[in-house]
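A.B. asks: The residues making up each chain are set out below.
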Amino acid sequence: MGRTLPSVRLFDRVGGRGGLRIRLDKLGIVIALLAAYGGLGASFAVSKPNRIVQGQAKPILDALPSWAAWALMALLFVAAVAALLRTAAWIKLLAAAATLLALALAMGLAGHFLTPPGNTYARVSPASGFWILLLAFALLAADAITRLKPPPWMRVLFLILAAAGVGGLLVSGSWDGLSMMKEYAGRADVFWVEAGKHVTLALGSLVAAVAIGLPLGILCHRVEPLRASVLNTLNLIQTIPSIALFGILIAPLGWIAVTVPGAAALGIRGIGAAPAFVALFLYSLLPVVANTVIGLSGVPKDAVDAARGIGMTNRQRLLKIEFPLALPVILTGIRIVLVQNIGLATIAALIGGGGFGVFVFQGIGQTAMDLVLLGAVPTVALSFAAAVILDALIELNSRAVNGARSA
Amino acid sequence: MIEIDAITKQYDGVAVVDNVSMVIEPRTITVVVGTSGSGKTTLLRMINRLVEASSGAIRLDGEDNRSIAGYELRRRIGYAIQGHGLFPHRTVAQNIATVPSLLGWERRRIDLKVAELLTLFQLEPEVYGPRYPHELSGGQQQRVGVARALAAEPNVLLMDEPFGALDPIIRAKAQEDLLAIQKHFGTTIVLVTHDMNEAFHLANKIAVMDQGKVVQYGPPAELVQMPATSFVETLIGDAERPFRLLSISTAGTAAEPGEASGEPIREDRTQQEALADLLWSGRRALPVVSVTGTPMGRVTLDALLKRAARPL
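Protein chains in written order, with my numbering: chain A, 2 to 408; chain D, 8 to 319.
Hints listed in this document are in silico derivations from the structure and should not be mistaken for laboratory results.
Quick reminder that beta carbons are idealized off the backbone N, C-alpha and C, glycines included.
Take the hints with a grain of salt, since some may be wrong.
[As the list claims (entries may be wrong)] Away from chain D, derived, C-beta distances all over 12 angstroms, residues of chain A:
1. Ser67
2. Arg87
3. Ala98
4. Ala99
5. Arg223
6. Ser230
7. Val300
8. Ala307
9. Arg309
10. Leu328
11. Gln363
12. Ala387
13. Ser399
[To be verified] Residues on chain D that point at chain A, a partial pick, calculated with CB under 7 angstroms:
14. Leu57
15. Val58
16. Tyr78
17. Arg81
18. Arg82
19. Tyr86
20. His96
21. Ala100
22. Gly111
23. Trp112
24. Val296
Using the sequences plus the hints, can you model the full thing?
C.D. replies: Structure (structure tokens):
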């Protein structure tokens with residue numbers, strides 16, 4: 002018994018180090034550094050006399066009324082400390098959420114504060130500091146959520162809460178002073194039309210790819226000689242740059258439009274939505290087919306043998322055993338496709354296919370970065386939402402399956 | 008009854024199973040033994056047509072097994088494999104209910120059957136029914152695999168190295184369970200293994216396969232006493248012969264009138280166990296008792312030594 006005492010004391014000496022031993026979080030150090038640079042070193046907002054000229058960068062203290070500036074600085078400091086220390090994950094999440102909300106509100110406030118009253122030409126947009134802070138605390142939120150290990154439905158709930166928050170900010174008019182919203186205000190009708198086209202392109206090509214790719218993947222799984230040639234062909238398609246693929250498609254689709262009766266009436270033309278749709282579809286095939294093949298070949302061999310041995314027909318074996326067991330892997334392929342398509346659909350605007358890309362390319366043409374953002378930000382948000390929802394679906398489906406496989 | 012009639016399976020001109028004919032009596036356990044690559048699994052899989060024969064025929068109770076669709080045939084024949092082959096995404100109860108569901112049984116009848124089988128295999132239905140296979144131990148998974156094979160009350164049960172993945176203690180228990188189950192349902196069992204101890208322990212008849220042919224098919228004693236080829240002799244093992252003989256008869260059959268002292272042996276234990284008891288305790292005779300405990304005489308060391316000797 003007496004022997005334990007010295008060791009305890011030794012522990013005290015090492016662990017105590019004068020009674021003050023702060024344990025730092027590694028990711029927290031990165032976040033705190035980013036927050037310090039974003040909050041103090043970089044500018045928060047850019048104020049421009051009109052939408053295309055070079056603007057004037059303003060740090061937080063100049064971009065906001067002083068009460069708001071100091072409140073934001075204080076909050077940033079507290080949140081950075083929360084990130085830096087090894088606090089509970091939910092505290093970090095709370096700090097991150099509060100900071101992100103405060104940043105969003107502050108940006109809106111800056112929009113109104115920096116615009117001279119009655120001036121409709123002046124533009125206020127977020128500057129590098131704002132984006133860095135946004136990144137830092139989004140990172141903190143993501144890290145905290147990962148550590149909390151929430152069930153899939155909870156992650157979707159977080160997504161809905163975040164979407165509701167952004168929706169609320171948009172409806173409240175808090176951001177109306179910002180340049181991006183001014184760009185939107187001038188194009189509200191077109192925006193929603195293009196949004197519809199974007200989603201139709203991304204989702205439609207996904208549905209087509211699943212409808213074709215899933216049976217093709219099953220065929221490749223069952224007919225081994227077919228596997229290598231199909232996958233290699235799809236791999237080859239994947240390496241063609243998107244713009245080149247659009248070019249390649251102009252001739253055959255144009256020919257179809259001219260020669261096949263009714264094709265033109267369906268909207269099939271050498272340029273426009275049709276080649277964009279076909280290109281996205283072709284890019285989508287590889288992940289769907291490859292993941293179907295991998296998923297099916299990962300199904301335990303003895304389960305398949307038993308399924309045959311106890312009298313399941315080929316169809317029953319596929320639908321009741323192989324497909325459910327391969328589903329998480331197939332869903333992973335669909336997730337890749339959806340996220341990839343939402344991003345790639347932006348390029349469709351180049352050949353008149355519509356979508357958010359319209360604003361991106363218009364903005365680049367007019368050197369109006371705010372217009373570029375009007376196209377880019379919704380695209381990123383859509384991709385992100387799609388990823389979260391599909392990740393939740395994948396996890397829901399893989400629970401029974403993976404638990405069993407690892408056993 | 009299973010009649011295997013000149014069955015052959017060729018892959019690329021090479022016969023894996025070569026002109027095999029044998030008759031498997033109903034309500035017996037037939038064990039097919041042989042080295043790997045001897046064709047024993049292929050022979051088994053031709054009975055339920057997981058492998059289609061190149062030539063020859065297999066008749067179940069007089070009916071050619073090609074007279075109905077393969078999947079329908081397989082629903083009538085139980086099938087259990089090494090590593091159990093349970094469906095990982097389905098609960099234990101759902102796994103067992105697979106074939107009855109395929110056959111379109113009523114929900115209530117399925118539930119009753121599942122509960123009956125789980126109870127029979129010493130798994131509490133309320134506790135184990137809702138679990139997933141990965142939540143069970145290896146021995147429990149194996150039992151569920153056999154229960155699934157028996158769910159539709161098949162007359163014939165095919166087992167391909169069913170206990171190969173189990174540790175020795177659980178394997179011995181599983182073998183005892185199988186014997187009890189076979190008595191209970193009167194199922195005709197064809198079991199493939201490469202473990203000779205298992206074969207001698209379970210079999211009414213053993214078929215020895217070598218390079219696609221059945222080189223000997225008969226009761227275990229016959230294999231020891233009159234091995235047909237040197238391969239059979241090697242498989243049984245020179246050093247094991249006397250003990251294999253003792254292992255296939257019970258102490259009860261060696262009992263003779265007389266007295267003996269010390270711990271008695273039950274009549275249903277093997278003579279091999281009786282010999283071990285005698286040697287270990289240094290006695291010349293053991294009292295034998297019936298299963299219920301009534302004295303049945305004694306078994307002597309001399310009698311066992313005679314029984315273990317090469318037959319004249």
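A.B. asks: Hints first: check each against the structure and report whether it holds.
C.D. replies: Verification of the hints:
Listed as a non-interface residue, Ser67(A) keeps its Cβ farther than 12 angstroms from every Cβ of chain D; the least gap is roughly 61 angstroms. Distance to chain D confirms Arg87(A) as a non-interface residue, since its nearest Cβ pair spans about 34 angstroms, more than 12 angstroms. Every beta carbon of chain D lies more than 12 angstroms from that of Ala98(A), the smallest distance being close to 36 angstroms; the non-interface claim holds. Distance check for Ala99(A) against chain D: the nearest CB is about 41 angstroms away, which clears 12 angstroms, and the non-interface claim stands.
Taking the minimum C-beta to C-beta distance to chain D, about 17 angstroms, the non-interface status of Arg223(A) holds against the 12 angstroms cut. Listed as outside the interface, Ser230(A) is consistent with that label: its C-beta sits roughly 24 angstroms from the nearest C-beta of chain D, beyond the 12 angstroms cut-off. Distance check on Val300(A): its Cβ comes as close as 9 angstroms (rounded) to a Cβ of chain D, failing to clear the 12 angstroms threshold; non-interface status is violated. Non-interface call for Ala307(A) relative to chain D: violated, since the shortest CB-CB distance, roughly 3 angstroms, does not exceed 12 angstroms.
The claim that Arg309(A) is not at the interface with chain D is violated, since a C-beta of that chain comes within 12 angstroms of its own (minimum 6 angstroms). The claim that Leu328(A) lies off the interface is violated: its Cβ sits roughly 9 angstroms from the closest Cβ of chain D, which falls inside the 12 angstroms cut-off. Taking the minimum C-beta to C-beta distance to chain D, about 50 angstroms, the non-interface status of Gln363(A) holds against the 12 angstroms cut. Every beta carbon of chain D lies more than 12 angstroms from that of Ala387(A), the smallest distance being close to 25 angstroms; the non-interface claim holds.
Residue placement check: Ser399(A) does not keep its beta carbon more than 12 angstroms from all beta carbons of chain D (closest about 10 angstroms). The beta carbon of Leu57(D) is positioned within 7 angstroms of a beta carbon in chain A (closest approach about 6 angstroms), and the interface hint is therefore held. Hint status for Val58(D): violated, given a least beta-carbon distance of 11 angstroms to chain A, over 7 angstroms. With a least beta-carbon distance of about 5 angstroms to chain A, the hint placing Tyr78(D) at the interface is held under the 7 angstroms criterion.
Taking 7 angstroms as the C-beta cut-off, the interface hint given for Arg81(D) holds, the closest approach to chain A being about 4 angstroms. Residue-level restraint check for Arg82(D) holds (minimum Cβ-Cβ distance to chain A is 3 angstroms; threshold 7 angstroms). Of the supplied interface hints, the one on Tyr86(D) holds, with its beta-carbon coming within about 4 angstroms of a beta-carbon of chain A, less than 7 angstroms. Interface hint status for His96(D): upheld, as the beta-carbon distance to the closest one in chain A is roughly 5 angstroms, under 7 angstroms.
Because the beta carbon of Ala100(D) sits about 14 angstroms from the nearest beta carbon in chain A, more than 7 angstroms, this interface hint is broken. Among the interface hints, the one on Gly111(D) is violated; its C-beta lies about 12 angstroms from the nearest C-beta in chain A, farther than the 7 angstroms criterion. Using the Cβ-Cβ criterion of 7 angstroms, the hint placing Trp112(D) at the interface with chain A is not satisfied: the shortest such distance is roughly 13 angstroms. The interface hint given for Val296(D) is broken, as the beta carbon of that residue sits about 43 angstroms from the closest beta carbon of chain A, more than 7 angstroms.
The structure does not agree with the numbered hints 7, 8, 9, 10, 13, 15, 21, 22, 23, 24 stated previously, though it agrees with the rest.
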